[in-house]
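K.L.:
Construct the complete structure from the given sequences, taking the supplied hints into account.
Order-wise, the sequence lines are chains A and B.
Sequential numbering of the first sequence, starting at 13, is according to this note's numbering.
Sequential numbering of the second sequence, starting at 24, is according to this note's numbering.
Because the hints were derived from the structure by calculation, they are not lab data.
Please note: incorrect hints may appear among the correct ones.
What the hints assert, rightly or not - DSS-like mimics (lysine-lysine), calculated; alpha carbons at most 27 Å apart, straight line:
1) B:Lys189 <-> B:Lys117
2) A:Lys83 <-> A:Lys109
3) B:Lys117 <-> A:Lys28
4) B:Lys117 <-> A:Lys83
Said to hold, decoys possible - Over the 10 Å line for every Cβ pair with chain B, so calculated as not near, a few chain A residues:
5) Pro26
6) Trp70
7) Glu106
8) Leu115
9) Gln117
10) Leu122
11) Leu123
12) Val141
13) Leu164
14) Pro221
15) Val225
16) Ile231
17) Gly249
18) Arg262
19) Arg266
Unchecked claim - Label-pair distances were calculated between CB atoms; the ranges are:
20) B:Val180 <-> A:Asp223: 30 to 38 Å
21) A:Ala159 <-> B:Gln122: 47 to 55 Å
22) A:Leu30 <-> B:Trp182: 32 to 40 Å
23) A:Leu30 <-> B:Val180: 27 to 35 Å
24) A:Ala78 <-> B:Ile133: 34 to 42 Å
Predicted model, so just to flag it, every value in this text is computed and none were measured.
Virtual Cβ for every residue (Gly too), placed ideally from N, Cα, C.
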Amino acid sequence: MAHEPLRTEDFSGPLKRLILVVLMLVLVGVFILWRIDSPRVERFRIAVIDRVVPNFDWAFTPVTGAANLIKDFQSYRKIYDQNQELRRELQRMESWKEAALQLEQENARLLDLNNVRLDPRLTSISGNVLADSGSPYRQSVLINVGARDGILDGWAAMDGIGLVGRVSGVGERSSRVLLLTDASSRVPVTVQPSGQRGLIVGDNTLAPPIDFVENRDLIRPGDRVVSSGDGDVFPSGVLIGHIAVDTGGRMRVRLAADYERLEFLRILRNYGTERISDPGRMVLPEVLPETAATEAAAND
Amino acid sequence: MTENTVSRLWFMRTMFILLSVGVIFLHLLPLSTLPGTLAAPDIILALAFCWALRRPEFVPALLIGLVMLFADLMMSRPPGLFAAIALVAVEMLKARASQLRNTPFSVEWITASMAIAAVIVGYRLILMLLLVESFALSTALVQILFTILIYPVVIGVSWVFFGLRKPTLGEVNALGQRL
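P.N.:
Next up, the structure:
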C-alpha cells in the first residue's frame, strides 16, 4: 500500500491533458479564423474536398445507382399494393405526365441544339454531380468540373431546363454549386410579362419566396420568372421557374429545374457584360461646342 | 471473448476512422437534393459517445478531434466548432465512464442522450450568438431525436461486429493496467 508501483498513467495523464488543451485551442482557433476570414478557410475546405471526393468517384456512382434502384423498386411496390383498377388508371396518367415532361425537356434540348443562345457569348460546360452537401442545413452539390475546366466562381448552373444555382467555391477537379434553395442564396430576377424586378431568397424549402418586388399586384401565379442579370452575377434571361402563391399568401417560385434528380449540370460561361459608359463618339464630338465655350468663359 | 492486445487497440482506432469516413461518404451521396426538415442522425457523434463510455482508450482525444474536424470540412459546417464541442462532451463522458460501468443501460442511454442534446443545442446557440447564418430549430430537434434513437443501434452494431462491451471486473489491458 505504501509503495504503489509507478504506473504509466502517472506520466501519460498530464501529456493527455496537454494534447487535449492544444487540440481544443486548435479547433476553436480554426473556427475563429473561419469567422474572421471566411474566404481563406473556405478555399482550404474546397482544397481538401477537391483532394478527397473525386478519388471516391468510382464508389459514388454505383452506390447512388443502387440506392436509386431500391428507391424505384419501393415506389413500384407501393403502387402495386393499391387497387388494380386505380393502378392502371394511375399508370396511364403517369405515362401522359411523363410524355409531357419529356416533350418539355426535349423542347428545351432542341432549342439548345439549335443554338438558340440566351446570349451570343454564352456557352456551357457540363458536369456530373459527385456529391451533395451532406448536411440537412446546406443545399449544395459538388460537381466534377473545376478550375482545370475553366470554371470561375459565380457562374450560373442549370440543368436542361432551368437555373439550379451558382458556383461558389472552385477546386482543381471539382467545384461546389450553391443551390437556389440554400438559405444563403439570393438571385435577382425579373417576372415576365409584367417586368417586375425582385429577389429570390432561398429558405431551405423547395419553393423559395420572391422578395423585394415593387408592385405585387402586377404579379400573378403562373408568371415566368427569369434571371435579370442585375449586379452582373448571372446572365440575364435564364429561366428559373413560375410564380405560385402558398397558403400564407406569400409569392413563391416553383423552380423549373428538377431538384429531385440532379445528375448533370450545365455551367454557363459568363465573362460579364460590357458596359456602355461613354456617349456615342460616332454621333457627337468628345466635347460639345457649347460646353467648350462655357468652359473657356469660366476659365477667363 | 476478445483479448486486450495492442494490436486490437490500434485495430479499433483504425475501425473508428474507417466507420466515420464511411458515414461521411454515405452523407455525401447525392441521393436527395431536396430540402426538408428531416435530418439524418449524427452517427459519428453517437459512435464517439458509445465508444467513449465503454472503452475510452479506443477513442483518444486526438482521434476524435481530427475525425470531427474532417467531418466539419467535408459536410460544409463551420470548421472546428462542432468538433470542439463534441470533443468537450466526449472528454466529460470519458471522465464518468467508470461510474457508469455498473449502472443499467437506461442510465447510460440517458447520459448519452443529454450529451447529444447538449452538443447540438450548444452548437446552435454559439452559431446564433456569433450571427452565423443558422438553420431551422425543427431540423435540429429532429436530428437530436434521431441521434438519441440511433444510439442503442450503434451500441448493438459495435457489440456484434467489434465485440465492444463494458470492461468486466479485473480486466486488464495490454500493459497489465486495470481498466
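K.L.:
If any of the earlier hints don't hold here, list their numbers in rising order.
P.N.:
Violated hints (numbers, rising): 4, 12 and 20; every other hint is consistent with the structure.
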